Amino acid sequence: MIPTLLTLLPAASADDSSWITFDIPSLMQNFWSATFDGLTFGSIYALVALGYTLVYGVLNLINFAHSEVFIMGCYGVFFTLSFLGFGPSAPNLSVGSIIVNLLLALVVAICASALTAFLLERLAYKPLRKRNAPRLVFLITAIGASFTIQYTIFLVRGPNPEPALTMFKSRPIFEVFGTFIYDQQLIIVIAAVIMMVITERFISKSRTGRGIRAVAQDPDTATLMGVNKEKIIITTFVIGGILAGAAALFYVMKIPSGVQYNGGFILGIKAFAAAVLGGIGNVRGALLGGLLLGLIGNYGQILLGNSQWTDVVAFVVLVLVLLLRPEGILGTSLGRSKA
Amino acid sequence: MYRKKVMTTLAAAATLGMLMAGCANQAAPESSGSAGGGSSKVNIPALTSIETPKDAVLPAGDGKATCPSTTTLAYIGAETGANAQLGINIFNGIQLAINQHNKSNANCQVQFKKFDTEGDPNKATGPVTQATKEANIIGVVGLPFSGESKATGNIFEQQKLVHITPAATNPTLTDNGWTTFFRGLGNDAVQGPAAAKFITGKLGAKKVYLVQDDSDYGIGLGKTTSDGLGAALIGTDKVTTGQKDFSATISKIMNAKADAVFYSGYYAEGAPFDQQLVAKGYTGTFIGPDGLKDDQFIKQAGDASANAFFTCPCIPGELIPTFESAYKALNNAEPGTYSIEGYDAATVLLAGIDAGNQDRSKLLTWVKGYDKDGLSKHYKWNDKGELQAPTVYGYKVENGKIVPIGAIGE
Numbered sequence: 001m002i003p004t005l006l007t008l009l010p011a012a013s014a015d016d017s018s019w020i021t022f023d024i025p026s027l028m029q030n031f032w033s034a035t036f037d038g039l040t041f042g043s044i045y046a047l048v049a050l051g052y053t054l055v056y057g058v059l060n061l062i063n064f065a066h067s068e069v070f071i072m073g074c075y076g077v078f079f080t081l082s083f084l085g086f087g088p089s090a091p092n093l094s095v096g097s098i099i100v101n102l103l104l105a106l107v108v109a110i111c112a113s114a115l116t117a118f119l120l121e122r123l124a125y126k127p128l129r130k131r132n133a134p135r136l137v138f139l140i141t142a143i144g145a146s147f148t149i150q151y152t153i154f155l156v157r158g159p160n161p162e163p164a165l166t167m168f169k170s171r172p173i174f175e176v177f178g179t180f181i182y183d184q185q186l187i188i189v190i191a192a193v194i195m196m197v198i199t200e201r202f203i204s205k206s207r208t209g210r211g212i213r214a215v216a217q218d219p220d221t222a223t224l225m226g227v228n229k230e231k232i233i234i235t236t237f238v239i240g241g242i243l244a245g246a247a248a249l250f251y252v253m254k255i256p257s258g259v260q261y262n263g264g265f266i267l268g269i270k271a272f273a274a275a276v277l278g279g280i281g282n283v284r285g286a287l288l289g290g291l292l293l294g295l296i297g298n299y300g301q302i303l304l305g306n307s308q309w310t311d312v313v314a315f316v317v318l319v320l321v322l323l324l325r326p327e328g329i330l331g332t333s334l335g336r337s338k339a
Numbered sequence: 001m002y003r004k005k006v007m008t009t010l011a012a013a014a015t016l017g018m019l020m021a022g023c024a025n026q027a028a029p030e031s032s033g034s035a036g037g038g039s040s041k042v043n044i045p046a047l048t049s050i051e052t053p054k055d056a057v058l059p060a061g062d063g064k065a066t067c068p069s070t071t072t073l074a075y076i077g078a079e080t081g082a083n084a085q086l087g088i089n090i091f092n093g094i095q096l097a098i099n100q101h102n103k104s105n106a107n108c109q110v111q112f113k114k115f116d117t118e119g120d121p122n123k124a125t126g127p128v129t130q131a132t133k134e135a136n137i138i139g140v141v142g143l144p145f146s147g148e149s150k151a152t153g154n155i156f157e158q159q160k161l162v163h164i165t166p167a168a169t170n171p172t173l174t175d176n177g178w179t180t181f182f183r184g185l186g187n188d189a190v191q192g193p194a195a196a197k198f199i200t201g202k203l204g205a206k207k208v209y210l211v212q213d214d215s216d217y218g219i220g221l222g223k224t225t226s227d228g229l230g231a232a233l234i235g236t237d238k239v240t241t242g243q244k245d246f247s248a249t250i251s252k253i254m255n256a257k258a259d260a261v262f263y264s265g266y267y268a269e270g271a272p273f274d275q276q277l278v279a280k281g282y283t284g285t286f287i288g289p290d291g292l293k294d295d296q297f298i299k300q301a302g303d304a305s306a307n308a309f310f311t312c313p314c315i316p317g318e319l320i321p322t323f324e325s326a327y328k329a330l331n332n333a334e335p336g337t338y339s340i341e342g343y344d345a346a347t348v349l350l351a352g353i354d355a356g357n358q359d360r361s362k363l364l365t366w367v368k369g370y371d372k373d374g375l376s377k378h379y380k381w382n383d384k385g386e387l388q389a390p391t392v393y394g395y396k397v398e399n400g401k402i403v404p405i406g407a408i409g410e
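If you read the sequences in order, they're chains A and B.
Everything in the first sequence is counted per the UniProt record's numbering, starting at 1 for the first residue and increasing by one.
Everything in the second sequence is counted per the UniProt record's numbering, starting at 1 for the first residue and increasing by one.
Treat the hints as calculated values from the structure; they're not laboratory data.
The model shown is predicted, which means the values in this text are computed figures rather than measured ones.
Incorrect hints may have been included.
[What the hints assert, rightly or not] Below, in silico cross-link-like pairs of lysine-lysine (DSS-like), each with a Cα-Cα straight-line distance of 25 angstroms or less:
{"no.": "1", "chain 1": "B", "residue 1": "Lys384", "chain 2": "B", "residue 2": "Lys328"}
{"no.": "2", "chain 1": "B", "residue 1": "Lys150", "chain 2": "B", "residue 2": "Lys299"}
{"no.": "3", "chain 1": "B", "residue 1": "Lys64", "chain 2": "B", "residue 2": "Lys123"}
{"no.": "4", "chain 1": "B", "residue 1": "Lys103", "chain 2": "B", "residue 2": "Lys123"}
{"no.": "5", "chain 1": "B", "residue 1": "Lys150", "chain 2": "A", "residue 2": "Lys169"}
{"no.": "6", "chain 1": "A", "residue 1": "Lys229", "chain 2": "A", "residue 2": "Lys126"}
{"no.": "7", "chain 1": "A", "residue 1": "Lys231", "chain 2": "A", "residue 2": "Lys205"}
{"no.": "8", "chain 1": "B", "residue 1": "Lys384", "chain 2": "A", "residue 2": "Lys169"}
{"no.": "9", "chain 1": "B", "residue 1": "Lys244", "chain 2": "A", "residue 2": "Lys169"}
{"no.": "10", "chain 1": "A", "residue 1": "Lys169", "chain 2": "B", "residue 2": "Lys64"}
{"no.": "11", "chain 1": "B", "residue 1": "Lys114", "chain 2": "B", "residue 2": "Lys401"}
{"no.": "12", "chain 1": "B", "residue 1": "Lys401", "chain 2": "B", "residue 2": "Lys384"}
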């Protein structure tokens, strides 16, 4: 039986000479550009991952609809910038006015994402919480909400991505190890890291942040100590939304034609994986996980020769890390972590 | 509390702004000499007219044809769905052929019926079964896509209903032993070598990088193209459908200093890929097959699309003045990709009806033995149903529009 089945299997692949080969010279040659590109995309993952992590920390809920919170931010960027006259060509504007325009887009994106997150919490999760629904119901609701938003966008905007929006012409600004660093990469990485540091400070220092940590640690006791749990939950969702809105601006900056009804789906899964890799519920973990996931995927595909390996490598590493450290690299608890 | 949050957001936003100001003020080279991209853009002028065969068969015929009033031809393919535009281009072409035929032949009024598959292999069997059961339908133009053609070929075969596809290019379709399947254009086994010849010949590329996606179409065409490229091929990469970030692939291309990139796949990935390549300072040419030849490519790649060339086994019908004006008058739109192929395929069937082949088996025999010029090219099929001398055309992007630049690969 088994030999028969084996003969039925198709030959390994059309060109099976390239099954698994390690291309080390290529990795050496492309190491630095892979690093910078990996960090750029990794910071976008990290910003989105924070949304998963914060909500998980507070509610123990994997908010699968967070990818749609993100994509609504992308639409916010798209509509704002198209309204302001941006199009497929890089605009012929002064630096100052580009900044003003982009800041406006950022504000709209943040509002769109935060509003989506807010409505999601109020319409989908709060009613369930009131009725003490089991955790599985929350998860199914999250998946349902994700599809509902995706296909509502599909019905309104159709299957094709929105036309490309070029914000500015990306230029190399300096050279490191023979590789150019582009202004776009710098803006994304530095701005994302700053936003994450601010978030981390906010959660560890501010009163609201203390409330968030208290609810994450022990919701009942936190309530007894005078923390308004409902208010903390909604704040957490909104913070996640704000970060997703910022991620949306950077994402459209990097991928001008990425605004599509299901455009957040894969990115959402990657960001969720990043959160788990770093330790879900852990703010610093999200940053670390995001950057690592971006880097590992890039190194992996160059080492193994083609882009179809990106996700294989990233997720194999994720599984290996979880085998050794089931709680993720930095551990899981938002409440206990010093963050 | 809330105020503080607002403040932090604003602070982050402001930092972003300042950073950008700082960066953008830096004088930077437009593109660097050391980072890839060799040749300057090749300038091949756009084609303004194409030669049409002098004795091309036209749907009007001699005006003396007679046939039963129930005689019907059908279009089966996408009328709705994500790829509806291609189907609309085709059946508008067919409609034009039938109108011209019926206007000239008062005693032979051929009916035209349309069946919608949405271009989806899973939905195509229903409409095809329905059409094959209608005895009055003696010939079909369709189905446009390879997947749905593969799924329904057997149904046509069982009912002995002749059908000419105006757009499906997967080479293996003619390996199924079907006797009722005819392909009205070149397949990807023709397009690949033609594309390779075009890239290394007319475009003068010395270092070609080939990137393919994970679809049947992309893999098959990638194979035939890379075989044709030979020593000019300096590297390959494979990407996935739905991929949006191509930075690692681009880094390899820039390090290899490629002067041409061939993308074997569809515009959904090809467009962001080209855009990201150009954003990283790539100055060479970008070539894609018919899967990229769509206005969506230009919309999604933006300015970057100016470096793009396309290959397509389709003929630019808009350059045949008589066809263009008649099509425009009927449909209030320019002929699109595969409009002329639909028109020509319908003409082959109409000529058969006019010659007295007015049932399924006679019309099938007629198409098998057909050996005449159509408006777009010569139609003569081999015993598998492939055209004997198909043409592949080159196209380029000029001022944000896709324009033909002539036959390639000869």
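Do the hints match the structure? See the list:
1. B:Lys384 - B:Lys328: violated, 35 angstroms
2. B:Lys150 - B:Lys299: Violated, at roughly 31 angstroms.
3. B:Lys64 - B:Lys123: violated, 40 angstroms
4. B:Lys103 - B:Lys123: violated, 34 angstroms
5. B:Lys150 - A:Lys169: violated, 45 angstroms
6. A:Lys229 - A:Lys126: Distance ~12 angstroms between lysine 229 of chain A and lysine 126 of chain A Cα, so the pair holds.
7. A:Lys231 - A:Lys205: Holds - the C-alpha atoms of lysine 205 of chain A and lysine 231 of chain A are around 18 angstroms apart, at most 25 angstroms.
8. B:Lys384 - A:Lys169: violated, 51 angstroms
9. B:Lys244 - A:Lys169: holds, 19 angstroms
10. A:Lys169 - B:Lys64: violated, 64 angstroms
11. B:Lys114 - B:Lys401: Distance of about 30 angstroms is beyond 25 angstroms: violated.
12. B:Lys401 - B:Lys384: Given pair lysine 401 of chain B, lysine 384 of chain B is violated - Cα atoms ~36 angstroms apart, limit 25 angstroms.
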